[in-house]
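As they're listed, the protein sequences go chains A and B. Using the working numbering, you'd call the opening residue of the first sequence number 1 and step up by one each time. Using the working numbering, you'd call the opening residue of the second sequence number 1 and step up by one each time.
Note that these hints are calculated values from the structure, not bench results. Any given hint could be a false lead.
As the list claims (entries may be wrong) - Derived coverage of chain B by chain A (criterion: at least 3 residues anywhere in the stretch with Cβ under 8 Å from a Cβ of chain A; other residues may be distant):
#, segment
1, 138–151
2, 162–170
3, 188–200
4, 248–255
To be verified - Label-pair restraints from in silico Cβ distances:
#, chain 1, residue 1, chain 2, residue 2, range
5, B, G312, A, S40, 50 to 60 Å
6, B, R129, A, L17, 13 to 23 Å
7, A, P55, B, K275, 30 to 40 Å
If you're wondering where the values come from, they're calculated on a predicted model, not measured in any experiment. The beta-carbon is built from N, C-alpha and C at its ideal position, and this holds for glycine as well.
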Amino acid sequence: MSKDERGRATRRGEPYLDEPEAKPFWAACREHKLTAQRCSSCKKIFGFPPQAFCPHCLAREHEWVTLSGKGTVYSQIAYHRSWHPAYQDKIPYNVSLVDLQEGGRLVTNVIGCAPEEVIIGMPVEVVFEDFPDYTLPKFRPVK
Amino acid sequence: MANISGKYCIVGIGETAVGKRPDATTNSLHLEAIKACLDDAAIKNSQVDGLLTNQPLNDSHRSYAVKLAHMAGIDPLFATDLALGGATPIAMVQLAVMAIDVGMATTIVCVHARKRSTADPTPGHPIRRGDEHWEEPWGHFAAAGGHAFAASRHMYEFGTKSEDLAEIAISTRKHASLNKNATMRKPITLEDHQNSRMIVAPLRLLDCSLESDGGGAVLVTSAERARDFPKKPVAILGMGQHHPHFSLLDAPTLTTLGGKKSSEMAYKMSGLGPKDMNFAQIYDCFTITSLITLEDYGFCKKGEGKDFVKNGRITIGGQLPLNTHGGLLSQAHLEGQLHITEAVKQLRRNEVEPERQVANAQMGIVSGHGGSLAMHATLILGAI
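Pulled out of the complex, with its shape left as it was, chain A reads as follows (with noise of 0.2 Å):
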């Protein structure tokens, strides 16, 4: 592993789409889809990141829905500082945790808009930001 000045692990950008609870997760978002487990037992959903069992009940079958993509902002904050060479450009941008409507949080960002207008309790809904290797989840606000 690669270490910064201080001997620090650099810090990793991109998601690891290999993770083996995680792959169905990546594949539907490359397809636009926001999806996640549901216990079949408690019809709770799992949230984030995915694992073998279900965190509520700790029943192992469960499928795999399309969410509504809408949610709500639980905190936000904005990052004025870079960690990250991606990012350098970026500054002021903003980091999310956004609340999904059926259960289950993101890490992710509001965009379409500055960083000081993402309010707390605002409703958002899922876009999609395609890269090269992968799609990440983001969110807007809903008009």
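Assemble chain B onto chain A, guided by the hints.
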């Protein structure tokens, strides 16, 4: 449940010089802290039979405690690494108490050092935080970000302002200015805080702790054996832990953290409450961490931290002196190891600069906090 309150003591402490230690390594800082601690307790390494440590950040690998014990000439009957981030130094003391209580060891050194200010050329692999691959693709990289989420939410729910967080930074810096072994000793004002650059809004540079080199250690033994040591023993009166989530993705709330249940357990064990505490050494990786913990520990109601920290209440001479050494914000960030050693020094008396001594220090509370605001541990200590 057998109550261990008062049955175990801290009988030795060690602190290295902190700040920039370019000639030191992660390993040498650990050994320096152990030596200072055993010298303070006036015992030989051959008389120590247990060692607990944290996984070193720059070189995580199996059984660092066992390696370190043998590097220090200790033949441990009990040794393990803990990995609770900034809650680890307190968790080590708690595990030492448990190990001694069941008879697996008698005299355990708990040590942690960090090499984060200057480069450590020793080969090794940095430790992972875990789940960063569900954060970093969206540009969330730093502990400052996680704590900014909590600050942002606290401001939304309770009307807390950046100027309120500044009170903690200013008071802590004042304490550091009185501490010869502190990195940042120049007093700061509200204006300095408000003019300091934004790191992750709403947190500014002066809301953030330092990156430090240094180490600290404490020696734990039974109250019975403690009488044989030269320094005044400090009793362990209460302890607790709570880890209410792991990452930001599964946190039920970011405005009440593990400190609530952890302190409730420690208060119950000790038979004491917030009003009995003469000082508080509260983990301060960011100003918001201390504000939330003061509320969770019952020093004020939830949401009232912003008023509690005003008017000199948390400064030495006030009702509840907070981080009398200068904390992670201004002394050094060694994951709270020095919050424990400072509490011991305050309770021993006459071991800190006179202007830093809390008058009539009889009891104090110490907190540890780690990960994505996830892990928490509490210790209540008392003079004997």
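Right, here's what the structure says about each hint:
{"no.": "1", "hint": "138–151", "verdict": "holds (count 10)"}
{"no.": "2", "hint": "162–170", "verdict": "violated (count 0)"}
{"no.": "3", "hint": "188–200", "verdict": "holds (count 4)"}
{"no.": "4", "hint": "248–255", "verdict": "holds (count 4)"}
{"no.": "5", "hint": "B:G312 <-> A:S40: 50 to 60 Å", "verdict": "holds, 59 Å"}
{"no.": "6", "hint": "B:R129 <-> A:L17: 13 to 23 Å", "verdict": "holds, 20 Å"}
{"no.": "7", "hint": "A:P55 <-> B:K275: 30 to 40 Å", "verdict": "holds, 39 Å"}
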